[in-house]
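Novice: Sequence order for the protein chains is A and B. The first sequence begins at 0 in our numbering and counts up one residue at a time. The second sequence begins at 0 in our numbering and counts up one residue at a time.
Honestly, the hints are just simulated from the structure, not real lab data. Hints are not guaranteed to be accurate.
[Claimed, not checked] Here are a few chain B residues that face chain A, going by a calculated C-beta distance under 8 Å:
hint, residue
1, THR10
2, SER25
3, HIS59
4, HIS86
A virtual CB, placed ideally from N, CA and C, is assigned to each residue, including glycine.
Protein chains: 2
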Amino acid sequence: MRSRNPRTVFTAHPIGFIRSPYRQTSAIPKGPGAQHDAEGSIELLREFSPGLMHIEGFSHLFVLWEFDRADGFDLIAHPPTDEKRPHGVFATRSPRRPNPIGLTVVELLRRDGDTLHVRGVDMLDGTPVLDIKPYLSSIPEEKLKRGWLAEAEKSRNQGT
Amino acid sequence: MRSRNPRTVFTAHPIGFIRSPYRQTSAIPKGPGAQHDAEGSIELLREFSPGLMHIEGFSHLFVLWEFDRADGFDLIAHPPTDEKRPHGVFATRSPRRPNPIGLTVVELLRRDGDTLHVRGVDMLDGTPVLDIKPYLSSIPEEKLKRGWLAEAEKSRNQGT
Numbered sequence: 000m001r002s003r004n005p006r007t008v009f010t011a012h013p014i015g016f017i018r019s020p021y022r023q024t025s026a027i028p029k030g031p032g033a034q035h036d037a038e039g040s041i042e043l044l045r046e047f048s049p050g051l052m053h054i055e056g057f058s059h060l061f062v063l064w065e066f067d068r069a070d071g072f073d074l075i076a077h078p079p080t081d082e083k084r085p086h087g088v089f090a091t092r093s094p095r096r097p098n099p100i101g102l103t104v105v106e107l108l109r110r111d112g113d114t115l116h117v118r119g120v121d122m123l124d125g126t127p128v129l130d131i132k133p134y135l136s137s138i139p140e141e142k143l144k145r146g147w148l149a150e151a152e153k154s155r156n157q158g159t
Numbered sequence: 000m001r002s003r004n005p006r007t008v009f010t011a012h013p014i015g016f017i018r019s020p021y022r023q024t025s026a027i028p029k030g031p032g033a034q035h036d037a038e039g040s041i042e043l044l045r046e047f048s049p050g051l052m053h054i055e056g057f058s059h060l061f062v063l064w065e066f067d068r069a070d071g072f073d074l075i076a077h078p079p080t081d082e083k084r085p086h087g088v089f090a091t092r093s094p095r096r097p098n099p100i101g102l103t104v105v106e107l108l109r110r111d112g113d114t115l116h117v118r119g120v121d122m123l124d125g126t127p128v129l130d131i132k133p134y135l136s137s138i139p140e141e142k143l144k145r146g147w148l149a150e151a152e153k154s155r156n157q158g159t
């Protein structure tokens with residue numbers, strides 16, 4: 000294993016903030032079958048708005064954001080989708096991560112100046128946004144294996 | 000627009016490093032039709048390895064990483080996929096981003112202790128890894144619109 004390199008540390012700054020109907024974590028749908036079709040918006044800080052040029056042509060976006068209300072991290076997570084077993088944090092979407100970065104795929108509904116109206120927000124209102132990227136291609140569903148999550152869903156559906 | 004909040008700044012630290020066949024940016028396939036099936040690995044720092052528990056069950060992972068060899072950012076990008084027009088950085092995958100965070104979907108081939116062998120690396124060798132998340136679902140291809148990129152590909156295919 001190579002040693003740590005001091006160049007490999009950077010300070011993250013918000014490029015904008017999320018407007019969402021969720022004011023507290025408990026309001027965000029979680030667990031098996033949770034639907035994420037809530038509408039909200041990304042309000043870009045004006046200084047970054049030139050970076051939105053031509054974004055209107057994309058139907059879906061990756062949004063990288065900060066879990067700004069998570070405090071510290073755990074390497075072992077206990078996700079609400081599986082009450083029976085703990086899992087490594089990198090095999091979950093737990094907010095308590097070594098780098099508190101969240102990732103959400105949203106559908107772009109429309110752009111209004113510095114504001115992107117989107118569907119599929121699962122962030123808290125006021126969440127800092129770190130980056131926006133175009134969503135360009137998908138892994139076909141039939142090629143996806145979803146590990147412990149698929150097992151937990153199956154177990155739940157069987158009532159065990 | 001709300002004011003900046005001092006809590007919304009954090010310092011990113013590597014959880015591990017990428018091993019890749021690419022030693023320089025020019026070696027990474029880019030542009031229309033670029034294939035990303037190169038094999039490589041994610042070598043986790045030992046202190047974070049408990050976070051990998053049960054990751055073996057997932058076929059695909061999101062890897063968040065740092066563009067550690069990019070210097071500064073531009074809000075307007077000139078991607079190699081479209082020589083005719085500039086685009087906003089948030090509508091591209093340019094490395095010169097306000098927060099230098101990269102995102103790659105990889106296929107997990109196998110786990111060997113603290114090392115994840117993966118297919119689909121497009122990072123430089125030695126790239127710092129910030130986070131790993133399970134890839135859980137896809138947007139169906141027929142629902143995706145890919146804006147300027149689709150136009151540039153169409154234009155190229157028509158030889159215009």
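Novice: Now tell me, hint by hint, if it's right for this structure.
Specialist: Hints, verified against the model:
Because the beta carbon of THR10 of chain B sits about 5 Å from the nearest beta carbon in chain A, less than 8 Å, this interface hint is met. With a cut of 8 Å, the hint placing SER25 of chain B at the interface with chain A is violated, because the nearest CB-to-CB distance is about 20 Å. A cut of 8 Å between beta carbons decides the hint on HIS59 of chain B: the least distance to chain A is about 5 Å, and the hint holds. Hint status for HIS86 of chain B: holds, given a least beta-carbon distance of 5 Å to chain A, under 8 Å.
Hint compliance for this structure: hint 2 alone is broken.
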